[in-house]
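There are 2 protein chains.
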Amino acid sequence: MAEDRTDNRQKRVDSVQDTAAEVRAILQKHQLVEGLVQKQDMPRQELVEGLVHKQNIAELKHKLDTLHPADIAAILEQLPLDERMSVWNMVKAELDGEILLEVSDAVRETLIADMDPEELVAATGQLDTDEIADLAPDLPDEVIADVFRSLSVEEREQLRAALSYPEDTVGALMDFEMVTVREDVTLEVVLRYLRRMEELPENTDQLFVVDRHESLRGVLPISQLVVAAPERLVSDVMTTDFVSFQPDNKADDAAQAVERYDLVSAPVVDVRNRIVGRVTVTDIVDYIREDTENEILGKVGLRDEDLFSSVWKSARNRWLWLAINLCTAFFASRVIGLFEGSIEKLVALAALMPIVAAIAGNSGNQTVALIVRALAFGEINRANAKRLLAKELSVAFLNGLMWGGVAGAFAWLLYGSIGLGLVMVGAMMLNLLVGAAVGMFVPLMLQKMNRDPAIGSSVLLTFSTDSMGFLIFLGLATLFLV
Amino acid sequence: MAEDRTDNRQKRVDSVQDTAAEVRAILQKHQLVEGLVQKQDMPRQELVEGLVHKQNIAELKHKLDTLHPADIAAILEQLPLDERMSVWNMVKAELDGEILLEVSDAVRETLIADMDPEELVAATGQLDTDEIADLAPDLPDEVIADVFRSLSVEEREQLRAALSYPEDTVGALMDFEMVTVREDVTLEVVLRYLRRMEELPENTDQLFVVDRHESLRGVLPISQLVVAAPERLVSDVMTTDFVSFQPDNKADDAAQAVERYDLVSAPVVDVRNRIVGRVTVTDIVDYIREDTENEILGKVGLRDEDLFSSVWKSARNRWLWLAINLCTAFFASRVIGLFEGSIEKLVALAALMPIVAAIAGNSGNQTVALIVRALAFGEINRANAKRLLAKELSVAFLNGLMWGGVAGAFAWLLYGSIGLGLVMVGAMMLNLLVGAAVGMFVPLMLQKMNRDPAIGSSVLLTFSTDSMGFLIFLGLATLFLV
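For the protein sequence lines, the chains are E and Z, in the order given.
Taking the numbering used here, the leading residue of the first sequence gets 2, the next gets one more, and so forth.
Taking the numbering used here, the leading residue of the second sequence gets 2, the next gets one more, and so forth.
These are computed hints drawn from the structure, not numbers from a lab.
Do not rely on the hints blindly, as some may be mistaken.
[What the hints assert, rightly or not] One-sided excerpt, in silico: chain E residues whose CB lies under 7 angstroms from chain Z:
(1) GLU200
(2) ASN295
(3) ILE297
(4) GLY299
(5) SER343
(6) LEU347
(7) ALA351
[Unchecked claim] Only pairs whose alpha carbons sit at most 20 angstroms apart, straight line, appear in this in silico SDA-like list of lysine to any residue:
(8) Z:LYS346 x E:GLY342
(9) Z:LYS251 x Z:LYS314
(10) E:LYS314 x Z:LYS251
(11) E:LYS449 x Z:LYS346
(12) Z:LYS387 x E:ARG25
(13) E:LYS387 x Z:LYS346
(14) Z:LYS314 x E:ALA375
(15) E:LYS314 x E:MET86
(16) E:LYS30 x E:HIS69
(17) E:LYS62 x E:PRO81
Positions of the beta carbon are idealized from the N, C-alpha and C atoms, including for glycine.
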């Protein structure tokens, strides 16, 4: 019997996708019935369908009640808008807050649009102040005002603090659930103090040891609390060798520290070393995921997009980037326009010129990828930048010689002109050097301008290698061949 | 006094870059002296320089001794090969193992090449079996054999197990440092048992409750152990509602579960529910970072590349991708070649055709980014794929109308031919539809073939939008204008 109980509740990882499929299956039944009801409106039919309909709803509700809020969030993400709303309305109200936290910004918007102010205030009632701060940008002003009134003085202070820090700082990531103890008590006393709580906050791997001014003196790992003799003093057992953050530290730096020093939690202190909050690995994992996603989407000019947002909304989300790229393409087109005379005389140039542009773009993007990664880990500095540039240019030269040679041979064989082949080799080589130099320079420049080098580098690079590729190739051809 | 001690050892995040700069400064002094010694070889000079030289080495060694292995690893990453080796030789031997674990694959190779077999065996002596397994692919066979002989029977079994799982599975991520207890004892007994250890393994937020067959019955959170009354039984306090993995689960799924359910550690069980290891959030954070990096580099066809590897090695690392792209560029060039006659008659086509290809490539890459992200989170399935395709095609149609219109107007104004403008609009619209269809289809196909859709999708997409762009635009122009 006990065996069964254990096995039933132990969650296996591969079951999450299955659950989503189950939910979809129930939803489908649900819709089939609704379809029938709409088509046939005889009273008796209605009665039967109504019963089945109710059964389906009960089945779905029951299923949803067994799920973790994060799983419900994942299911909501993959449902088209109408089905998403059916499911959202069946979710237990006390999970609303958690689920809103877990879904992506775009999906959160659709869910919030469906809730009235009272529901929203109730949903935030289940959350900690740092979590309310995460939702705040998406909540209507009246709801925020109501939420504010419902908080204690201390919580209001925390919410104000959390809202005051920019999104990519430690202050915006931290929570306020730290447990503090004094250094002049025994572990026994600490244990008695902890037993008065029903449970410890999540991710509590250490307690923070503070003096009477709330100034941080050290940390007491829970594992030490467990293994050390209870009669020992906190000051004897605590460690003073630990990592701390300040609220205005960059979130990226904090993420790197958590990763590098294998932290589960770390204290956040103000300039006078007073503890103001803590950062946990859970927050950092979420931050890393969001950051990576934003970068991947940002590279192609997208802000967070709901998989099933309306066509019109999706289209607008993509405009800016397409417009920028259209401008750079127009520019490249005008460069070609300068050489229309040469192309008329030697039409092979038109067929060959995209090769010169494309390969330099590819090679330059390899440099960009390396430099962006190195910048993310703080690996580039004045001392090594020159050596790096020299290396990248040498690699480009070597690759230019080699692949330029291949492309030149292709041109020679195809068009039977050794001159055309040689111009191809020269243009490829020069444009690969352009790609390496721009691929190195652009990310460094964006970083210096305090912009994310992962976003924008590629557009600027392709702009350079396209325009310069056409200019160099058609220019050399005009000089030597036409 | 105590105040000072606390402040001195408390590590602030922004200090890591400063430390790296300090190390570089000492290295530079070091090299200046070496340069002087080489230039002037008078005996007296030598003596003085020798002293300064020794001082510098002592200073550097002292600095390195205060650093965390992960910080030393970060510094090694950003040093050119010769300086890297100087620093590596000054590092305390007992940190070698930790540092080898922390550096990237490419840098690890350079460090291992510098060590003799005895040093390598000694370095692994400081590591756990799961960590040795991580290094194993880079170690010479003779070293592995020696290491194996130095292990206990149990450790050999663990190493064999860890080496037997493919790289992207839970089995390759897990460690063996789990603490297990029985359910029929009191918390008091558990605490006494733990006090016999000097410390708990890192990331121990829960103990694993097993029966006499090592079968997992539940988990006992450390925080429960701390807050619950000591006379209570483990079976009363433990939770049976927890997440577990199996060794052959995909690492990606485990990472998603750790993120979704905010786990610090999770048990790994075999098919008979016997505990064989555990996965910690620390391993997952490292996995996510490596995975993201591999994807970013893999997108431009790079394997992990040392920032300062030799020019020849770097060049070869980039060849495959450049070769593939050259082939697709040759193909696109031949498509243009088919229409040389038309271009000779209407040279404007040569200047305009890259616009059609580029914008569809950009738009298609937006679709690819969305689909790849959705696939990573398991958000796409049979049920919603068709709706998604319909949405992406509609967005492409809308954008084609809009930006095709802009490009058409550009062509009309520039070349004064309304026919050319209309061909431009039609070609842009059709090619954006190609981009959306290919951008949706390619990642799904790669996923089905069990390949990473983030890698390769872009090349295939650009291949299609380039070739089809030229074909559609030049084809329409040949039909209607020439």
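We went through each hint and held it up to the structure:
{"no.": "1", "hint": "GLU200", "in the structure": "6 angstroms, holds"}
{"no.": "2", "hint": "ASN295", "in the structure": "11 angstroms, violated"}
{"no.": "3", "hint": "ILE297", "in the structure": "6 angstroms, holds"}
{"no.": "4", "hint": "GLY299", "in the structure": "9 angstroms, violated"}
{"no.": "5", "hint": "SER343", "in the structure": "9 angstroms, violated"}
{"no.": "6", "hint": "LEU347", "in the structure": "10 angstroms, violated"}
{"no.": "7", "hint": "ALA351", "in the structure": "4 angstroms, holds"}
{"no.": "8", "hint": "Z:LYS346 x E:GLY342", "in the structure": "12 angstroms, holds"}
{"no.": "9", "hint": "Z:LYS251 x Z:LYS314", "in the structure": "32 angstroms, violated"}
{"no.": "10", "hint": "E:LYS314 x Z:LYS251", "in the structure": "35 angstroms, violated"}
{"no.": "11", "hint": "E:LYS449 x Z:LYS346", "in the structure": "48 angstroms, violated"}
{"no.": "12", "hint": "Z:LYS387 x E:ARG25", "in the structure": "15 angstroms, holds"}
{"no.": "13", "hint": "E:LYS387 x Z:LYS346", "in the structure": "49 angstroms, violated"}
{"no.": "14", "hint": "Z:LYS314 x E:ALA375", "in the structure": "18 angstroms, holds"}
{"no.": "15", "hint": "E:LYS314 x E:MET86", "in the structure": "18 angstroms, holds"}
{"no.": "16", "hint": "E:LYS30 x E:HIS69", "in the structure": "23 angstroms, violated"}
{"no.": "17", "hint": "E:LYS62 x E:PRO81", "in the structure": "19 angstroms, holds"}
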